[in-house]
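A.B. asks: Residue numbers (the working numbering), protein chains in the order written: chain S, 1 to 208; chain U, 1 to 571.
If you're looking for bench data, these hints aren't it; they were derived computationally from the structure. For each residue, glycine too, the CB sits at the ideal point set by N, CA and C. Please note that the accuracy of each hint is not assured.
With the C-beta cut set under 8 Å, the calculated list includes, among others, these residues of chain U facing chain S [stated by the list, open to error]:
#1 SER37
#2 PRO41
#3 GLY42
#4 GLU51
#5 ILE52
#6 CYS53
#7 HIS60
#8 SER63
#9 PRO66
#10 LEU68
#11 GLU173
#12 HIS183
#13 HIS186
#14 ASN188
#15 SER191
From the structure, some residues in chain S lie toward chain U, with a derived Cβ separation under 10 Å [unchecked claim]:
#16 ALA177
#17 CYS179
#18 HIS183
#19 ALA198
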Amino acid sequence: MKPVKNVCLVIAALFCFQLMQAQTIVGSKHDFSTQAWNTSVGQQICIVCHTPHNASTTVTDAPLWNHASTASTFTLYSSSTLNSTMSQPDASSKLCLSCHDGTVALENFGTTTNGTHFITSVYNLGSGLNNDHPVSFTYDAALATTDGGLKNPTTTASGLGGTISQNMLFGGKMQCASCHDVHNSAGQPKLLLKSNAASALCLTCHAK
Amino acid sequence: MMRNWLSKMILSAGCFCCPGYIHIQAQTIVNTRHNLSVSGPGTVKASSESEICIFCHTPHNSSPLPPLWNHANSGSVYTLYSSSTLNALPGQPDGTSILCLACHDGTVALGNILSRGPISFSAGVTTMPAGNKNLTTDLSDDHPVSFLYNAVLSTADGQLKNPSAITSPVHLEGEKVQCISCHDPHQNSTSSFLVTTSQASALCMSCHDRTYWNTSTHKTSTRTWNGTAPNPWFHTPYTTVANNACENCHNPHNAGGKLRLMKYQPEENNCLDCHNGNAAGKNVQTQQLKTYRHDVFAYTGVHDPVENASIVNRHVECVDCHNPHAVNSSTASAPAIKGFETGVSGINQAGNPVAAATYSYEICYKCHAGNTWAPAAATARQIVQSNVRLEFATTNPSFHPVVGPRNNAEVVPNLIAPNTATTVLYCTACHASDGATSPAGPHGSIYPQIMKLQYLKADGNTTASGTTESAAAYALCYSCHNRTNLLAGNNSFPEHSKHVVSERTPCNTCHDPHGISSTQGNATNNSSLVNFNTTVVKPSSGGILRFEDQGSRRGRCYLTCHGQNHNPLSY
Numbered sequence: 001m002k003p004v005k006n007v008c009l010v011i012a013a014l015f016c017f018q019l020m021q022a023q024t025i026v027g028s029k030h031d032f033s034t035q036a037w038n039t040s041v042g043q044q045i046c047i048v049c050h051t052p053h054n055a056s057t058t059v060t061d062a063p064l065w066n067h068a069s070t071a072s073t074f075t076l077y078s079s080s081t082l083n084s085t086m087s088q089p090d091a092s093s094k095l096c097l098s099c100h101d102g103t104v105a106l107e108n109f110g111t112t113t114n115g116t117h118f119i120t121s122v123y124n125l126g127s128g129l130n131n132d133h134p135v136s137f138t139y140d141a142a143l144a145t146t147d148g149g150l151k152n153p154t155t156t157a158s159g160l161g162g163t164i165s166q167n168m169l170f171g172g173k174m175q176c177a178s179c180h181d182v183h184n185s186a187g188q189p190k191l192l193l194k195s196n197a198a199s200a201l202c203l204t205c206h207a208k
Numbered sequence: 001m002m003r004n005w006l007s008k009m010i011l012s013a014g015c016f017c018c019p020g021y022i023h024i025q026a027q028t029i030v031n032t033r034h035n036l037s038v039s040g041p042g043t044v045k046a047s048s049e050s051e052i053c054i055f056c057h058t059p060h061n062s063s064p065l066p067p068l069w070n071h072a073n074s075g076s077v078y079t080l081y082s083s084s085t086l087n088a089l090p091g092q093p094d095g096t097s098i099l100c101l102a103c104h105d106g107t108v109a110l111g112n113i114l115s116r117g118p119i120s121f122s123a124g125v126t127t128m129p130a131g132n133k134n135l136t137t138d139l140s141d142d143h144p145v146s147f148l149y150n151a152v153l154s155t156a157d158g159q160l161k162n163p164s165a166i167t168s169p170v171h172l173e174g175e176k177v178q179c180i181s182c183h184d185p186h187q188n189s190t191s192s193f194l195v196t197t198s199q200a201s202a203l204c205m206s207c208h209d210r211t212y213w214n215t216s217t218h219k220t221s222t223r224t225w226n227g228t229a230p231n232p233w234f235h236t237p238y239t240t241v242a243n244n245a246c247e248n249c250h251n252p253h254n255a256g257g258k259l260r261l262m263k264y265q266p267e268e269n270n271c272l273d274c275h276n277g278n279a280a281g282k283n284v285q286t287q288q289l290k291t292y293r294h295d296v297f298a299y300t301g302v303h304d305p306v307e308n309a310s311i312v313n314r315h316v317e318c319v320d321c322h323n324p325h326a327v328n329s330s331t332a333s334a335p336a337i338k339g340f341e342t343g344v345s346g347i348n349q350a351g352n353p354v355a356a357a358t359y360s361y362e363i364c365y366k367c368h369a370g371n372t373w374a375p376a377a378a379t380a381r382q383i384v385q386s387n388v389r390l391e392f393a394t395t396n397p398s399f400h401p402v403v404g405p406r407n408n409a410e411v412v413p414n415l416i417a418p419n420t421a422t423t424v425l426y427c428t429a430c431h432a433s434d435g436a437t438s439p440a441g442p443h444g445s446i447y448p449q450i451m452k453l454q455y456l457k458a459d460g461n462t463t464a465s466g467t468t469e470s471a472a473a474y475a476l477c478y479s480c481h482n483r484t485n486l487l488a489g490n491n492s493f494p495e496h497s498k499h500v501v502s503e504r505t506p507c508n509t510c511h512d513p514h515g516i517s518s519t520q521g522n523a524t525n526n527s528s529l530v531n532f533n534t535t536v537v538k539p540s541s542g543g544i545l546r547f548e549d550q551g552s553r554r555g556r557c558y559l560t561c562h563g564q565n566h567n568p569l570s571y
C-alpha cells in the first residue's frame, strides 16, 4: 500500500511541477543580454523590444515598441486547400518579423538605425512567407466550417485554460503569438505556447 | 481507503481523457498508419520522434510546395499508366500527388524531412517497405493521377460522369484527379485512407459510369466466397460480390494486370477465381479445363477492348463472349442473346460489326465468320466453306435453323418435341459444355468441336473402320432427330439404316451440319444438308460425285463409297 501511495505522490508532484513551473525569458533564446550586438547599457533584455517611454506606434497596438519595424512586402502563403483570406502580416506578427524577416538589424532598437547584425539560419523567415504557416488571418467558426479540417475556435479548448479564441487568437486572428510565446512562459522548445509532443500544438486547431 | 483514493484518481483521469480520445480515434490521423511518430499504431514508424505532423508538414521553412510541405521530394520520373481505352492524358505526377509519392514510390527515406535532420525509423526501416503501399516508380499498374478531368474527357470517354456531377468528399484538385481525389491522408475511417467507402464501389462510382452496370449480376449478386484459395477478394475487406463490385476484377494499385488495372494477368484469372466453384454459381473453370475448349489459357495480352468486332489477331478470352460489366441473369429465346451475353460486340448476319449483339450467333461470328486466321473446316467436303455466317443464311438450300427457322415441313415428322418447323436454335444447342448440369455455353467439352453430346465421325472408307451406330454414338443428332424414325426410313432417306447401321457410316459423312451456302450450293445438289466428306466419298466410276434431289424423299447419288459404286443409285 505504501509504495503505491508514494508512486502516486511522485506522479502528482511531477504533474504540478509541469503546470506551475515559473518560466521566464531569462535564459531563453530571447534573452539577448549576452549578445555582443546588444550594446544597451547593462545589456538589458527587454530594451531590444520594449521601452517604457517614447515607444513606436508604427504598428497598431504595439506594446511600447522599441524596435525598428520591417517595411517588407511579404509573399504570402497560398494553396488550393486554403480557405482563409491572406493579407500582409499585421499587429504583433509584424513586430516579430521586424527581426525574423532578416531585413532589419537586430540592434536597430532605441535610436540605433544602422545595425549590422541580422538574424540567421532557420530563424530568418525572409520576406517569402509562402513556406511558413500563415498568420494575420481571421480564424472563426465560419472558417472552421468552410475548411472542415479546423476546429471551431470559439468552442474548442486550447489546453491553456480557455478556448482557442480566448487563449491563442488576437482580435480573432491567428498571429505568431498563437503558437509562440516570445517571453517563454511555457518553457517549451522554440518558445512554443505549449508542448508539441505528439503534435499537440498543431492538433489544437487542426482536426486531422 | 488508499485503494479508493487511487481508484478515484484513475477514474477522474479517465473521465477527463476518454471523451477527447474517442473523438480523436474516430476522426484523426493519430490512430492511423499515417501517424509515423513513435506513438503510431503501424509497424512503419519513427524510433523516437513524437511529433505527428512533422513528417509531412512544418510551420516554418517548408518546401515551396503547399501545404507547408516538409518531406524531401522524390524527383523520380515515373512510368505512367496507359491503355487503349484511356482517353485521359496522365502526365508526370504533379499537384499533391508528388507529395504522396515522396514516400509511396519507395525511393526517399521516410524520415527525410526538410525542417531539420532526418528522423530515424524503428526496425531498420528507411524507405517504404516493399508491398502494396510501395507503388514504386512504375505507375503503369496504378490508377492514373494528374490528368485533366473535364467535360471534354467525360464526353470523349463516354463512361465517366461529367465532373460537375462529382460530389464531395470525392473531389478534383483544380480540374485534375490526384491521389487526394480518392484518399484522405489524415483519416482512415473507411479503409486505405479513402475519402468515402469503397463498399459496393461507391468511391469508383463517384466518377465511373459504366454502361449496363446497374443491372449487372456483378453489381447485385450477394454470393460469397467459400474460403477455398485463391481468395478472389484478397485486396478488399468485403465478402460479397455486390460489395466488391468493381474490385471483383479490378485493383486500383499495384494491379497484376496493368491494362485496365485488372487483379491478374493473364486475363482469365480475373474471372476464374470466382467462376471455379468457389464463389459464382456455376463452375466454368471445370469446363475450361476439358480437352476441347475455347482455350482462354492459350492467349495473354492479345485481346484488346477496342479491337475489331471481327477478330483479327487470333485469341479467345472470357471477355470476347461476355461483358463483365453487363452480364445478368435474364433469359431469352433463340436467337436472341441471353443476359450473360449482354453488351458484347458481334458481327451481324449481314457481316457488319455491331457494338452490342442482338442475336447470340452474332457473338460467334466474331471469330467463325471468315476470319483469315480461321483453321480449315473440320471435315473436307465437296463444298468448302469456313465462314459459318454464310453457312447459316436462311436463303441457303439447307441449313440448321440458327439465324431463322427452316419452315420445312419435310423434316418436322422426325423432330423430337418441342422442336418444330419454326424452331430456332442457338449455336449452343450443339456446341456447349457436355454434362447436363454444366453451365451453358461452349466453354469446354470432352467431345471434339466442343459438342454438347457425342457426335462420332470416324469413317475410314470401309465398313470395318466406320462407327457402330448407337443412341450414344450420335447422341447429339438424336437429341432432336428421332432415331427410330430415321433408321426406319420413315419420312426421310429410306436407306438410312443401310448406310448408318449396316455400313457404319456416320451422319457427318453425307451431311454438312451447319448448312450449304447459296453462293456455292443449290437446292438440287445440297438439300437436306448434303455435302459429302471427300475423304470418304469418292467419284463414281463415271467420274461424278453428286447428289441429286428428285422431289419428296426421292433422289440419286453418283459416287463411290465403302467400295460401292453408285453410278447412280436412286431411291
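A.B. asks: For the hint on U:ILE52, does the least C-beta distance to chain S fall short of 8 Å?
C.D. replies: It holds, given that the least Cβ distance between U:ILE52 and chain S is near 4 Å, below 8 Å.
A.B. asks: Is the interface hint for U:HIS186 satisfied, with its Cβ closer than 8 Å to some Cβ of chain S?
C.D. replies: Result: holds, 4 Å to nearest chain S Cβ.
A.B. asks: Please verify that hint: U:ASN188, Cβ, nearest Cβ of chain S, below 8 Å or not.
C.D. replies: Violated, about 12 Å.
A.B. asks: Does S:CYS179 pass the interface hint, meaning its C-beta sits closer than 10 Å to a C-beta of chain U?
C.D. replies: Hint on S:CYS179: holds, closest Cβ of chain U at ~7 Å, below 10 Å.
A.B. asks: Next item in the hint list is U:GLU51. Is there a CB on chain S closer than 8 Å to its CB?
C.D. replies: Hint on U:GLU51: holds, closest Cβ of chain S at ~5 Å, below 8 Å.
A.B. asks: Would the hint on U:HIS183 stand, with a C-beta cut-off of 8 Å toward chain S?
C.D. replies: 14 Å, violated
A.B. asks: Under 10 Å is the threshold here; is the Cβ of S:HIS183 close enough to any Cβ of chain U for the hint to stand?
C.D. replies: 19 Å, violated
A.B. asks: Is the shortest C-beta separation between S:ALA177 and chain U less than 10 Å?
C.D. replies: 13 Å, violated
A.B. asks: At a threshold of 8 Å, is the proposed contact between U:PRO66 and chain S supported by beta-carbon distances?
C.D. replies: 3 Å, holds
A.B. asks: Is the shortest C-beta separation between U:LEU68 and chain S less than 8 Å?
C.D. replies: Holds, because the Cβ-Cβ distance from U:LEU68 to chain S comes to roughly 6 Å (cut-off 8 Å).
A.B. asks: With chain S as the partner, please determine if U:PRO41 meets the hint condition of a C-beta pair closer than 8 Å.
C.D. replies: Since chain S brings no Cβ nearer than about 13 Å to U:PRO41, farther than 8 Å, the hint is violated.
A.B. asks: Was the hint right that U:GLY42 lines chain S, CB cutoff 8 Å?
C.D. replies: 15 Å, violated
The earlier numbered hints that this structure contradicts are 2, 3, 12, 14, 15, 16 and 18.
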